[in-house]
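Below, each chain spelled out in residue letters.
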Amino acid sequence: MKIAVCIKRVIDMEMRFRVAGDGASIDETGAKYDINDFDMYAIEAALQLRDKAGGGEVAIVSLGPVQAQEQIRKALSMGADRAVHLAADRIPSDGLAIAEALAAELRDGAYDLILFGKMSIDSSGQSVGPMVAELLELPLVAAVSKLDVQGDRGTAGRVLEGASETIEFPLPAVLTIDEGLNTPRLPNLKGIMAAKKKPLETRPARLGEQRVRTTSIELPADRPPGRIIGEGVAAIPELIRLLQTEAKVL
Amino acid sequence: MPNVLVIAEARAGQLRKVALEAMTAGRALASEAGGEVHALVAGPPGTAGLAPQLGAHGADVVLVAEHAALENYNGEALTALIAERTRTGGYRVVIFSASVHGRELAPRVAARLRAAYASDVITVALEGGSLVARHPVNTGKLTATLTTSASPAVVSLRPGMFEASAHAAAGRVERIEPVGDPSASRVRVTATQQGSSAKLDLSEAPIIVSGGRGMKAAENFRIVEDLANALGRAAVGCTRAVSDDGWRPHSDQIGQTGRVVSPDLYIALGISGAVQHIAGMRTARTIVAVNKDREAPIFKFADYGIVGDVLEVVPALTAAVKEARKGH
Ligand SMILES: Cc1cc2nc3c(=O)[nH]c(=O)nc-3n(C[C@H](O)[C@H](O)[C@H](O)COP(=O)(O)OP(=O)(O)OC[C@H]3O[C@@H](n4cnc5c(N)ncnc54)[C@H](O)[C@@H]3O)c2cc1C
Ligand SMILES: Nc1ncnc2c1ncn2[C@@H]1O[C@H](COP(=O)(O)O)[C@@H](O)[C@H]1O
Chain C
1 MKIAVCIKRV IDMEMRFRVA GDGASIDETG AKYDINDFDM YAIEAALQLR
51 DKAGGGEVAI VSLGPVQAQE QIRKALSMGA DRAVHLAADR IPSDGLAIAE
101 ALAAELRDGA YDLILFGKMS IDSSGQSVGP MVAELLELPL VAAVSKLDVQ
151 GDRGTAGRVL EGASETIEFP LPAVLTIDEG LNTPRLPNLK GIMAAKKKPL
201 ETRPARLGEQ RVRTTSIELP ADRPPGRIIG EGVAAIPELI RLLQTEAKVL
Chain Z
1 MPNVLVIAEA RAGQLRKVAL EAMTAGRALA SEAGGEVHAL VAGPPGTAGL
51 APQLGAHGAD VVLVAEHAAL ENYNGEALTA LIAERTRTGG YRVVIFSASV
101 HGRELAPRVA ARLRAAYASD VITVALEGGS LVARHPVNTG KLTATLTTSA
151 SPAVVSLRPG MFEASAHAAA GRVERIEPVG DPSASRVRVT ATQQGSSAKL
201 DLSEAPIIVS GGRGMKAAEN FRIVEDLANA LGRAAVGCTR AVSDDGWRPH
251 SDQIGQTGRV VSPDLYIALG ISGAVQHIAG MRTARTIVAV NKDREAPIFK
301 FADYGIVGDV LEVVPALTAA VKEARKGH
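Chain order of the listed sequences is C and Z.
Numbers 1 to 250, taken from this note's numbering, label the letters of the first sequence in order.
Numbers 1 to 328, taken from this note's numbering, label the letters of the second sequence in order.
There may be inaccurate statements among the hints.
[As the list claims (entries may be wrong)] Here are the in silico distance ranges between beta carbons for each label pair: (1) Z:A184 / C:T155: 52 to 60 Å; (2) C:T215 / Z:R114: 38 to 46 Å; (3) C:V249 / Z:T123: 18 to 26 Å; (4) C:P224 / Z:E295: 17 to 25 Å; (5) C:D27 / Z:R186: 27 to 35 Å; (6) Z:V173 / C:V19: 22 to 30 Å; (7) Z:E312 / C:L189: 46 to 54 Å; (8) C:D51 / Z:P249: 22 to 30 Å; (9) Z:A168 / C:K32: 52 to 60 Å; (10) C:R107 / Z:G195: 51 to 59 Å; (11) Z:P52 / C:D222: 39 to 47 Å.
No wet-lab data here; the hints were simulated from the structure.
All residues carry an ideal CB built from backbone N, CA and C; glycine is no exception.
Construct the complete structure from the given sequences, taking the supplied hints into account.
Quick look at the structure:
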């Protein structure tokens, strides 16, 4: 089974964000980075499918600056077999521009499955996976939290608002992976050593046209500071009063 | 003509609340642009019965596609239908709901049309020749303003951010044919399991009562449920610690990798307030927290905090809420 997993280098969300001088990007001074949360589930899914099939290949594809090779190495150390780095000075905010570059790379790869995270936690588009599926004219299932692949067919499950559904699809296909499917493994020392020798090709990203631009970013209005109104059961009458008269939600 | 196309999401023969929210947003955009709003609704035979409700929410024209193979969500057939209609109709903006289905469909349609796509937006407007939309990024710690002058522009709207309101319009029904054969789609939804209809979905509940590891055990969520019931129109959520332990289903998890919610009232019980949890509920209008640790980070966000043991405070709070809501 030949599987590609698209992963994104994202900034650590625990940092205190500041807007850069241009007003339209983040000041990344001192920031840390990691593989996008949801992409970890996609990597784990790919490794398990490959191993269950008794062989094949998991290829990692990441578009980004040269530093994205750190995250690519991490994915290789988890057990992926090889990687392609599509080099770009910065990752555009328009998902379609990214999808066009990924599709160009993936088109002739003869992959049985192409996996994405459900969403990148920085740009939060949930768009690159479905867009690549469309550009490659492949079957698509988004937000997969259950998965079973038998031969050239798969069954997926996903959670909807107040319902869930079961979906059948033929391979090759594009899937975007939600939390809940698996628990991603941590790289071990052996994996980290092995990763150093695994093939990592770099080529320039053939980014598509940017049709949407981020013209500004801002910090949302702060919530008023928190307030402790009391202790234990004794605080309940005051809480009820505030919910009725101040918040007006009761 | 700068017309707007609204994709109205229906499930099990009913329009979803987000469909009416999208109608209202579409109406506002069309009024700015001086154009019409066309709603598109697809489903099994009988779907045309939803047209009057769309007319009552501002649809000048309701495009209805009926086919037996549109009973369940059919992404491939819908992509073909919507892309074709957008092309022939010359729409300026195509509006989806940023629901699970909408977020699969909208980017696929945008890619087919090579159109600009703004996802999960909380505001949208036409300013001069440009479409300007705001979208929460970086787990809601920042809001990005996206601008595009490309036409058509495809957007999906974050549920709960656009209030549905009535607006009488003609709602003239126009039947449209599926493009290709919907029963030939490669991807098929073979079963839909409806959650219990009594259970309000997290994205639609005005009140959410959420439990964390401080609830101590799965069975203690009974008192969380009791509080939700006493409040009426409330749903129960949880943290990842809780869904990881299997106390609650993963679909109830709120946060960075779970659901993002903006209820009027969010009650956090035994929840520490990790950044990844806050990411999913920071836009709640009022936040209440009960935690035995005065230093818990959740108290930095809670409008009203009570320091105490959830197992004592929650049953007493339920009783007080029942008393306060007597007569409801
Ligand atoms: C990549 C990533 C993604 C994540 N995504 C999410 C996400 O989407 N959603 C999410 O929720 N988390 C997420 N997490 C996990 C998050 O970091 C926290 O671990 C989690 O939110 C903690 O859950 P908790 O508050 O229930 O548990 P804890 O942090 O263990 O807090 C329990 C709290 O209960 C209090 N308590 C204990 N006993 C009592 C009592 N008797 N009465 C009152 N209070 C009591 C304690 O004082 C404590 O504050 C993510 C983590 C990572 C690394
Ligand atoms: N620059 C990138 N390189 C590789 N994969 C990406 C990149 N950006 C996004 N993706 C993939 O697309 C998914 C969805 O991203 P998004 O549409 O930004 O939410 C991510 O989880 C990744 O799997």
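Each hint tested on the structure:
Between Z:A184 and C:T155 the beta carbons are some 19 Å apart, a value that contradicts the proposed interval 52 to 60 Å. The hint said 38 to 46 Å for the Cβ distance between C:T215 and Z:R114, and at roughly 21 Å that hint is violated. About 24 Å separates the C-beta atoms of C:V249 and Z:T123, a value consistent with the hinted range of 18 to 26 Å. Checked against the given bound of 17 to 25 Å, the beta carbons of C:P224 and Z:E295, roughly 19 Å apart, stay inside it.
C:D27 and Z:R186 have their C-beta atoms about 45 Å apart, which leaves the hinted 27 to 35 Å range violated. Distance hint check for Z:V173 and C:V19: the Cβ-Cβ separation is about 48 Å, which falls outside the suggested range of 22 to 30 Å. Separation of Z:E312 from C:L189 is about 48 Å and conforms to the stated range, judged on CB atoms against 46 to 54 Å. Under the hint 22 to 30 Å, the C-beta atoms of C:D51 and Z:P249, about 28 Å apart, fit the expected range.
As the Cβ distance of Z:A168 to C:K32 is approximately 54 Å, the hint placing it in 52 to 60 Å holds. Taking 51 to 59 Å as the suggested C-beta distance range, the pair C:R107 and Z:G195 does not conform, at roughly 39 Å. Taking 39 to 47 Å as the suggested C-beta distance range, the pair Z:P52 and C:D222 conforms, at roughly 44 Å.
Checked against the numbered hints listed earlier, the structure breaks hints 1, 2, 5, 6 and 10; every other hint is satisfied.
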